[in-house]
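Protein chains: 2
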Amino acid sequence: MKRQFTLKKYLPILVWGPNYDRQRFSEDLLAATIVAIMVIPQSLAYALVAGLPAQAGLYAAMFGLSFYTFFGTSNTLSVGPVAVLSLMTAAALGKLSLATPEQYLAAATALALLSGGVLIVLGLLRLGFIANFISHPVISAFITGSAIIIAVSQFRHILGVAGGGQNLIEQIMALAANLDQVNYPTLTLGVAAMCLILWIRHGLQPLLEYVGIRQALAVSVCRAGPLLVIVLSSLLAWGLRLDEQGVALLGEVPSGLPGWQLPPLDFALARSLWGSALLIAIIGFVESVSVAQVLAARRRERVNLDQELVGLGAANLASASGGGYPVCGGFSRSIVNFEAGAATPLAGLLTAGFIALVVLSLTPALFWLPRVSLAAIILMAVYPLIDFSMVVKSFRYSRADFVAVVLTLVLTLAVGVEIGVAGGVLTSVMVHLYKTSKPHVAVVGRVLGTEHFRNVERHKVETFESLLSIRVDESLYFANSQYLEEFIYKLIAKKPNLKHVILMCTAVNEIDLSALEALETINETLDELGIKLHLSEVKGPIMDKLGHTGFFTKLTGNNYLSHNQAVEDLRLPA
Amino acid sequence: MKRQFTLKKYLPILVWGPNYDRQRFSEDLLAATIVAIMVIPQSLAYALVAGLPAQAGLYAAMFGLSFYTFFGTSNTLSVGPVAVLSLMTAAALGKLSLATPEQYLAAATALALLSGGVLIVLGLLRLGFIANFISHPVISAFITGSAIIIAVSQFRHILGVAGGGQNLIEQIMALAANLDQVNYPTLTLGVAAMCLILWIRHGLQPLLEYVGIRQALAVSVCRAGPLLVIVLSSLLAWGLRLDEQGVALLGEVPSGLPGWQLPPLDFALARSLWGSALLIAIIGFVESVSVAQVLAARRRERVNLDQELVGLGAANLASASGGGYPVCGGFSRSIVNFEAGAATPLAGLLTAGFIALVVLSLTPALFWLPRVSLAAIILMAVYPLIDFSMVVKSFRYSRADFVAVVLTLVLTLAVGVEIGVAGGVLTSVMVHLYKTSKPHVAVVGRVLGTEHFRNVERHKVETFESLLSIRVDESLYFANSQYLEEFIYKLIAKKPNLKHVILMCTAVNEIDLSALEALETINETLDELGIKLHLSEVKGPIMDKLGHTGFFTKLTGNNYLSHNQAVEDLRLPA
Numbered sequence: 001m002k003r004q005f006t007l008k009k010y011l012p013i014l015v016w017g018p019n020y021d022r023q024r025f026s027e028d029l030l031a032a033t034i035v036a037i038m039v040i041p042q043s044l045a046y047a048l049v050a051g052l053p054a055q056a057g058l059y060a061a062m063f064g065l066s067f068y069t070f071f072g073t074s075n076t077l078s079v080g081p082v083a084v085l086s087l088m089t090a091a092a093l094g095k096l097s098l099a100t101p102e103q104y105l106a107a108a109t110a111l112a113l114l115s116g117g118v119l120i121v122l123g124l125l126r127l128g129f130i131a132n133f134i135s136h137p138v139i140s141a142f143i144t145g146s147a148i149i150i151a152v153s154q155f156r157h158i159l160g161v162a163g164g165g166q167n168l169i170e171q172i173m174a175l176a177a178n179l180d181q182v183n184y185p186t187l188t189l190g191v192a193a194m195c196l197i198l199w200i201r202h203g204l205q206p207l208l209e210y211v212g213i214r215q216a217l218a219v220s221v222c223r224a225g226p227l228l229v230i231v232l233s234s235l236l237a238w239g240l241r242l243d244e245q246g247v248a249l250l251g252e253v254p255s256g257l258p259g260w261q262l263p264p265l266d267f268a269l270a271r272s273l274w275g276s277a278l279l280i281a282i283i284g285f286v287e288s289v290s291v292a293q294v295l296a297a298r299r300r301e302r303v304n305l306d307q308e309l310v311g312l313g314a315a316n317l318a319s320a321s322g323g324g325y326p327v328c329g330g331f332s333r334s335i336v337n338f339e340a341g342a343a344t345p346l347a348g349l350l351t352a353g354f355i356a357l358v359v360l361s362l363t364p365a366l367f368w369l370p371r372v373s374l375a376a377i378i379l380m381a382v383y384p385l386i387d388f389s390m391v392v393k394s395f396r397y398s399r400a401d402f403v404a405v406v407l408t409l410v411l412t413l414a415v416g417v418e419i420g421v422a423g424g425v426l427t428s429v430m431v432h433l434y435k436t437s438k439p440h441v442a443v444v445g446r447v448l449g450t451e452h453f454r455n456v457e458r459h460k461v462e463t464f465e466s467l468l469s470i471r472v473d474e475s476l477y478f479a480n481s482q483y484l485e486e487f488i489y490k491l492i493a494k495k496p497n498l499k500h501v502i503l504m505c506t507a508v509n510e511i512d513l514s515a516l517e518a519l520e521t522i523n524e525t526l527d528e529l530g531i532k533l534h535l536s537e538v539k540g541p542i543m544d545k546l547g548h549t550g551f552f553t554k555l556t557g558n559n560y561l562s563h564n565q566a567v568e569d570l571r572l573p574a
Numbered sequence: 001m002k003r004q005f006t007l008k009k010y011l012p013i014l015v016w017g018p019n020y021d022r023q024r025f026s027e028d029l030l031a032a033t034i035v036a037i038m039v040i041p042q043s044l045a046y047a048l049v050a051g052l053p054a055q056a057g058l059y060a061a062m063f064g065l066s067f068y069t070f071f072g073t074s075n076t077l078s079v080g081p082v083a084v085l086s087l088m089t090a091a092a093l094g095k096l097s098l099a100t101p102e103q104y105l106a107a108a109t110a111l112a113l114l115s116g117g118v119l120i121v122l123g124l125l126r127l128g129f130i131a132n133f134i135s136h137p138v139i140s141a142f143i144t145g146s147a148i149i150i151a152v153s154q155f156r157h158i159l160g161v162a163g164g165g166q167n168l169i170e171q172i173m174a175l176a177a178n179l180d181q182v183n184y185p186t187l188t189l190g191v192a193a194m195c196l197i198l199w200i201r202h203g204l205q206p207l208l209e210y211v212g213i214r215q216a217l218a219v220s221v222c223r224a225g226p227l228l229v230i231v232l233s234s235l236l237a238w239g240l241r242l243d244e245q246g247v248a249l250l251g252e253v254p255s256g257l258p259g260w261q262l263p264p265l266d267f268a269l270a271r272s273l274w275g276s277a278l279l280i281a282i283i284g285f286v287e288s289v290s291v292a293q294v295l296a297a298r299r300r301e302r303v304n305l306d307q308e309l310v311g312l313g314a315a316n317l318a319s320a321s322g323g324g325y326p327v328c329g330g331f332s333r334s335i336v337n338f339e340a341g342a343a344t345p346l347a348g349l350l351t352a353g354f355i356a357l358v359v360l361s362l363t364p365a366l367f368w369l370p371r372v373s374l375a376a377i378i379l380m381a382v383y384p385l386i387d388f389s390m391v392v393k394s395f396r397y398s399r400a401d402f403v404a405v406v407l408t409l410v411l412t413l414a415v416g417v418e419i420g421v422a423g424g425v426l427t428s429v430m431v432h433l434y435k436t437s438k439p440h441v442a443v444v445g446r447v448l449g450t451e452h453f454r455n456v457e458r459h460k461v462e463t464f465e466s467l468l469s470i471r472v473d474e475s476l477y478f479a480n481s482q483y484l485e486e487f488i489y490k491l492i493a494k495k496p497n498l499k500h501v502i503l504m505c506t507a508v509n510e511i512d513l514s515a516l517e518a519l520e521t522i523n524e525t526l527d528e529l530g531i532k533l534h535l536s537e538v539k540g541p542i543m544d545k546l547g548h549t550g551f552f553t554k555l556t557g558n559n560y561l562s563h564n565q566a567v568e569d570l571r572l573p574a
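Protein chains in written order, with this note's numbering: chain A, 1 to 574; chain B, 1 to 574.
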């Protein structure tokens, strides 16, 4: 593959930008409006999940979206704070002992900076393949586990009680202990907010269409549920002075655009955060490309995975520099962006413009926003993520996947998000290696009257006392080379008259160095017993590789092009 | 597979014990004598490598050998302290901040207890396959790195200077700084000891045979080099009062058998040691079975790998209870045991008996043993382990293995043994997954006038505008399922008239849940574009698995037994 450097490759806006026209702009502007309605409440809410002030979510979305426009390759991916990364940010920062909210915020921006750095390095080195190691069942179980943790963490805000705790059990215990202190105005507001969101989501749209509103418009209006909750509940809190009833308000949110500065990152902080940053980078990448790829394919467009790493990295660096925290492409937001007709990544920049307007002019109004409304929005956003169908599906389909799914879920819930996802990935890799470490190896014999060789246990075939034909149905590599040794030694222990062992290599696509060493050991061991080792039907590329090593000069037997020829040559006593 | 519980399986002595006779006893006794001559100096010396008092090595060998006799399945494996595990023990204990030598020894026995526990659990759960993940090149590089570290650590004893340091660089710096304080009597004794061992090893045997001594006896005598060094140098130190010349002596070694007690293991200690114990268990297991398996095969005997885990676990538990430290089968000792004609594991018990005699009666004489003699013995034992041929071989054979080898070597030397071996294993697994994550996928067409389908890029074949035939040459699993998605989306983006995609599954041996999900996503995405997805030539077991999931009811296209049939059906517009 020729890899020529072109600026276009690393700055995709140079590809689509020159053809940008008024038609596309109007499409992008419509999509941006609808996405902004959705992303503003979500950003405020998810920042609280991460343990950050609400405006950090707005900054993250604003800067993340702006920079992705220049570096991203998906026309529809909508970048910003998402539920899972917010929880992972909280988990990463919770491990540090940070004294003040300022230090906590500084650490969050540092985390975004590190994640962005990791993504860009992976992209430039074309290492996007490491995302492949996170299997789909594992990520699915991880998202379900994370959504449960987020949901439970919001219950205390809905109830208006004190709470907290390092893990799920502690949080539930704290909730139970404080149940007698429920603040009923808060609870009422919370339940009302959730009912309103649910009704707008499920009940309003048919009604609007019934009264004759276009479906597209009806859908857009129904995206505004969370925003409506914010507006209504803020008005209510202001009008009724709900803070005097014990309803917690969001309080002062700084106005104006944030300063642009590199986050403070010392060596000690980087050292304690880099593992978390790597996990956040990879999970964010996996979540982003899984939706970006499918949406692109539906329009016969393509995303470039290596450049997506760079694009998401740029978004995170921008978020860090603007006082935000780690971002990635949001699943539901991107689908909304796609369905609303976003034509290019510029829709993201326009969305960022809307957020900037809010930041510049509407933050004073956020003072009156009840905290419980954001909790209600979070709960309604994460409950669709809780999906146990993967547990059932994997149980039915494959025990190996089931083990990985259950382990990921249990570890995420019981120990934490980082251990959960790392344990899940490790398990699926181990299980895969286990499966290939015991390949199918068969003793074969010749089907009478033909030149075909088949498994002696399944077919009626002819065999010879002095020779043993073995067919390996897998590439030979370190995880199964010892198995091959054991298999052969087991067989020869039972056959005192054996003179020749022939390995039939039709299905061997690779022989790595461990396997080569194993073959050399087998060759020597058989030699001590007066048995010769032969190979047959070795594939061309492997022949070339083996030829360089001098293996064939050490081999006691021959290398045959055809297995039948080998048997014909060796079956008669010399 | 039927797995019936029988005591014989877990106590292999019940298999060979009943047939034990005088003939075997005399064979075992001879082998035990020769091995004891070798193992006693080595045990004393390796204990010092681990940072333990010399007698801990004797106890470890004595108890390890005794218990392996009952639980082991190899007739020739000689269990006891080995160089690599001694270094790993020192590395594991060095991380703890232990105040007194007593605490250090207690932690070493705790480490043996944990390793033994890990081995037995792995054995009972039949998890021996995890040893397969350590590729041969990685273990080879790891042993070379360890041997270099051990050798360098002994230089200060040979020179009789102060020294130390956490890593190789620090040790060499400390040596260089103290070079002006060389103790010449010590250096003279050390060099003389090494020369004597080398001469006995390489020069004496031909001489003995020349004067008419039987080869077998000559070989045995030449094993006695290190023992001779111990006896001669102790006599010299006693006779010439070498301690007054500044030659360090071993000093007081307790006499009599050690008390038998469970090592002190609290939760905090177990928590900080379990990772090291796991590594020690696995490395010890890999080293043991690699030699045991080959030696067994040479006599057409077999070792049972799962029971070997139990046997080595029992040896470690015994070593822990007797005041020793982690043990495993020694490479060179086992070969000596084999060549000396050991018939059963009872040879090990007899060797243990000889060690017990030394412990009971000869420890007072060890007072006079110069420390430098043990350093000379260690140097002569580890220098053959330093072997860079694997670096050259992997460089010539495969870039992937070369990367793993160099990384293991560099990390072991520069950072430490645990990071070295863990990094090596991780690298080889990653490299393997990387290779299978980009499988060979080909667009195929029909060879004119036949029913065969071949790669369109290599053969002259017929294709049809409305259909696309794709052959995948690898099992589909999580690491390559996204690659398949991307491959297909890339192709369809270029083909506006496409109506059918047919996946030819002849070489697909497995479809895991991630790959199933990917196929479902591909199916949906193609459906949106009005393209149907078909499968052809799916193997029986996969058909069964897919059948249970309802995949075929969702599939927009059909499932064809023959690819040619699929093409015939679909090439004409419906």
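Among the hints, erroneous ones may be present.
The list makes no distinction among identical chains, and a pair is therefore deemed to hold if it is satisfied within one copy or across any two copies.
PhoX-like mimics (lysine-lysine), calculated; alpha carbons at most 20 Å apart, straight line [as the list claims (entries may be wrong)]:
#1 K545 - K435
#2 K438 - K95
#3 K9 - K539
#4 K545 - K393
#5 K499 - K539
#6 K8 - K393
#7 K539 - K435
#8 K95 - K8
#9 K539 - K494
#10 K499 - K9
#11 K554 - K532
#12 K9 - K438
#13 K9 - K490
#14 K495 - K532
#15 K554 - K495
#16 K460 - K393
#17 K554 - K499
#18 K9 - K435
#19 K438 - K490
#20 K545 - K494
#21 K554 - K9
These are computed hints drawn from the structure, not numbers from a lab. Being a predicted model, the structure only gives us computed values, none of them experimental.
Comparing the hints with the structure gives:
1. K545 - K435: Between copies only: 16 Å across chains, 26 Å inside a chain, cut-off 20 Å.
2. K438 - K95: neither (40 Å within a copy, 37 Å between copies)
3. K9 - K539: The answer is neither: 38 Å in one copy and 41 Å across copies each exceed 20 Å.
4. K545 - K393: The answer is between: 12 Å across copies meets 20 Å, while 43 Å in one copy does not.
5. K499 - K539: Neither way: K499 and K539 sit 25 Å apart in one copy and 36 Å across, limit 20 Å.
6. K8 - K393: neither (43 Å within a copy, 41 Å between copies)
7. K539 - K435: Intra 24 Å, inter 18 Å, cutoff 20 Å: inter-copy only.
8. K95 - K8: neither (41 Å within a copy, 50 Å between copies)
9. K539 - K494: neither (30 Å within a copy, 33 Å between copies)
10. K499 - K9: neither (61 Å within a copy, 31 Å between copies)
11. K554 - K532: Answer is within; shortest intra-copy Cα gap is 11 Å, inter-copy 53 Å.
12. K9 - K438: Neither: 43 Å inside a chain and 22 Å across chains, both beyond 20 Å.
13. K9 - K490: between (56 Å within a copy, 17 Å between copies)
14. K495 - K532: within (14 Å within a copy, 54 Å between copies)
15. K554 - K495: neither (24 Å within a copy, 52 Å between copies)
16. K460 - K393: For K460 and K393, the Cα distance exceeds 20 Å both inside one copy (40 Å) and across copies (43 Å).
17. K554 - K499: Result: close within a single copy only, 17 Å intra versus 55 Å inter.
18. K9 - K435: For K9 and K435, the Cα distance exceeds 20 Å both inside one copy (39 Å) and across copies (25 Å).
19. K438 - K490: Cα proximity of K438 and K490: one copy only (15 Å, versus 35 Å across).
20. K545 - K494: neither (33 Å within a copy, 36 Å between copies)
21. K554 - K9: Close neither inside one copy (50 Å) nor across copies (38 Å); limit 20 Å.
Of the numbered hints stated above, those contradicted by the structure are hints 2, 3, 5, 6, 8, 9, 10, 12, 15, 16, 18, 20, 21, listed in ascending order.
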